[in-house]
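K.L.:
Sequence:
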Amino acid sequence: MSDKPEEFTPVHCKDSVYIPIVSFLTSIVTTITTKTAWVNLLVILVILINVVLRYGFHNSPAYVDEIIWHLYAFFMFGLSHAITTDAHIRVDIIHMHLSKKTQRIIEVLGIVLLIMPFTLIVLDHSIGWTYHSFTVNEFSENTTGLPYRWVVKSILPLSMILIFIASLAGLIKNIVLLIHGDNSLRKFPNDSGSAIGRLFSPSITNHKEN
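For the sequence shown, the working numbering assigns the number 1 to the initial residue and increments by one for each residue that follows.
Hints in this document: simulated from the structure, not taken from any laboratory. One should not assume that every hint holds.
Stated by the list, open to error - The following label-pair restraints were derived from C-beta to C-beta distances:
1) Val39 - Ser16: 29 to 35 Å
2) Asn50 - Phe139: 19 to 25 Å
3) Leu114 - His180: 22 to 28 Å
4) Ile28 - Val112: 16 to 22 Å
5) Asn50 - Ala82: 26 to 32 Å
6) Ile89 - Val39: 57 to 63 Å
7) Gly181 - Gly110: 34 to 40 Å
Ideal placement from N, C-alpha and C gives every residue a C-beta, glycine not left out.
Sequences and hints are given; from them, build the entire structure.
P.N.:
Next comes the structure, spelled out in structure tokens:
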């Protein structure tokens with residue numbers, strides 16, 4: 001660790017804070033969501049095929065329609081990615097004029113009181129829903145439809161798990177920054193203390209907010 005004075009210089013930052021445990025949790029979400037993002041292209045391709053079959057050949061098999069809405073289920077993964085990258089659309093007219101501390105308190109309350117309870121409730125119900133579909137080997141009601149309906153239903157609990165992980169990362173980040181404050185952050189990781197303490201130790205990366 002460097003002994004240079006600038007190591008302890010206050011730095012005002014937004015997304016430049018590095019917290020090991022937060023970085024690990026967000027990497028889980030971003031890895032899975034980016035690997036499955038190609039499904040969006042597949043959805044577009046299948047829709048084009050369906051349009052050609054329906055209006056060009058007047059023949060649109062039921063399984064083609066079902067493939068489309070099965071693949072649509074993967075959009076749920078995008079919710080966790082949006083939480084991780086803070087890409088959700090929000091009304092910031094009031095929020096943007098609040099202090100950093102107040103903003104983080106609001107974020108913590110929103111995660112604890114809204115996102116996490118909702119995620120856990122949906123997860124609890126969706127696991128039973130998916131398990132029942134698996135045990136009865138649920139399939140399409142259409143004779144030319146798709147089997148293994150439980151596969152697409154499993155996307156819901158999996159997406160809830162990813163949303164919970166993304167929310168947990170955001171919760172930890174905001175709590176850590178509330179405790180430490182932006183002006184007390186180091187420019188280099190803190191190598192002292194216990195292993196668990198280092199997981200929650202914030203530092204500044206090279207990116208700075210102007």
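K.L.:
Checking each numbered hint in turn, tell me which of them this model violates, lowest number first.
P.N.:
Of the numbered hints given earlier, those the structure breaks are 6, 7, listed in rising order.
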